[in-house]
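With the hints as constraints, model all of the structure from the sequences given.
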Amino acid sequence: MARAAVPGRLTWRVAKLAEARTETPTARTLVLDVPGWPGHLAGQHVDVRLTAEDGYTAQRSYSIAAPADGDRIELTIQAVPEGEVSPYLIDVYGTGDPVEVRGPVGGWFVWRPTSMDPVLLVAGGSGIVPLMAMIRARRAAGSRIPFRLIYSVRTPGDVYYADELRRRARDDAGLDVTYAYTREVPEGWPNPPHRIGVADVNTNGWPPALTPDCYVCGPTGFVEAVADILVALGHDPRRVRTERFGPTGG
Amino acid sequence: MIEPRMDLGPHLDGNVLAGPLREIFAMDVTAATSRCASCGAVGAVAALHVYANAPGMVARCPTCEEVVLRMVRTPDAAWLDMRGTVSLRIPM
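Protein chains in written order, with this note's numbering: chain R, 1 to 250; chain B, 251 to 342.
Nothing false has been slipped in among the hints.
Only some residues are given here: those of chain R computed to face chain B with a beta carbon under 10 Å:
#1 G106
#2 V223
#3 E243
Hints in this document: simulated from the structure, not taken from any laboratory. Where is the CB? At the ideal position from N, CA and C, for every residue including glycine.
Okay, structure coming up:
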């Protein structure tokens, strides 16, 4: 027990699947029991390792989607076609099955409930996951810090946590949620599909004068584009934190 | 800013170094501020451009694209090459 209290080297722990939820046809949330989980901050991630019978291992990083609930953590996995790890975690990995996890890791792309500045979250596709952890952590802490989320997705069917986001946008005072659709819009939507641009960020974000903390997460091209827009609009680059999700083998 | 100056393919960022570096260091190094030995740019290790499609991970400066650090993990050792870093400021 004394060893676990020392924040020394990062070690692998065996986690088991407690339950799973389908978010979209290509994304699944895994609720893992990780005995001795030390807790984490919103925005942190874990490394997950799979080992085949012949000893071959494959390792991937996944953002944690929610605040810790005792020894339970939630990850949302997006299927990467032809990937080595994600198809297994989505289609095969079942309740009670073990998987190795180490973490939490990452101390930069994090939001702390003690922070007093307004927050802008900009998500591209599966980049919503660590940002959802921040929205949930805000709620869990009873924080009144104003949050705005701009969520770029291909189609309405690609929205993760759709029901919960609708509910939170209604019930969590000070949380605004807007969507930018790139391929297909809902019926009656006022704008045609388009890639996120200056107007979206300017209209649905915060003025730079409010010195918001900006968190941008998504595929590399999306993150570069949004970070450039924020800096061009006058946001301090040091307040624009980015996390790129990319093709690392899935 | 949208395209790297060389065609290096898609990159991730220093956030992905968090796990591999925490295997070695007791602190989270990705939240540290590094100074590039090539151009002097200062920024978070988490914001470096990381190319993971090489043997190991190569982190480049987001301003000048020079190599800041490289990390290779073998079954029995970790190689950390920090030739491109003048200093690291680690929040304590």
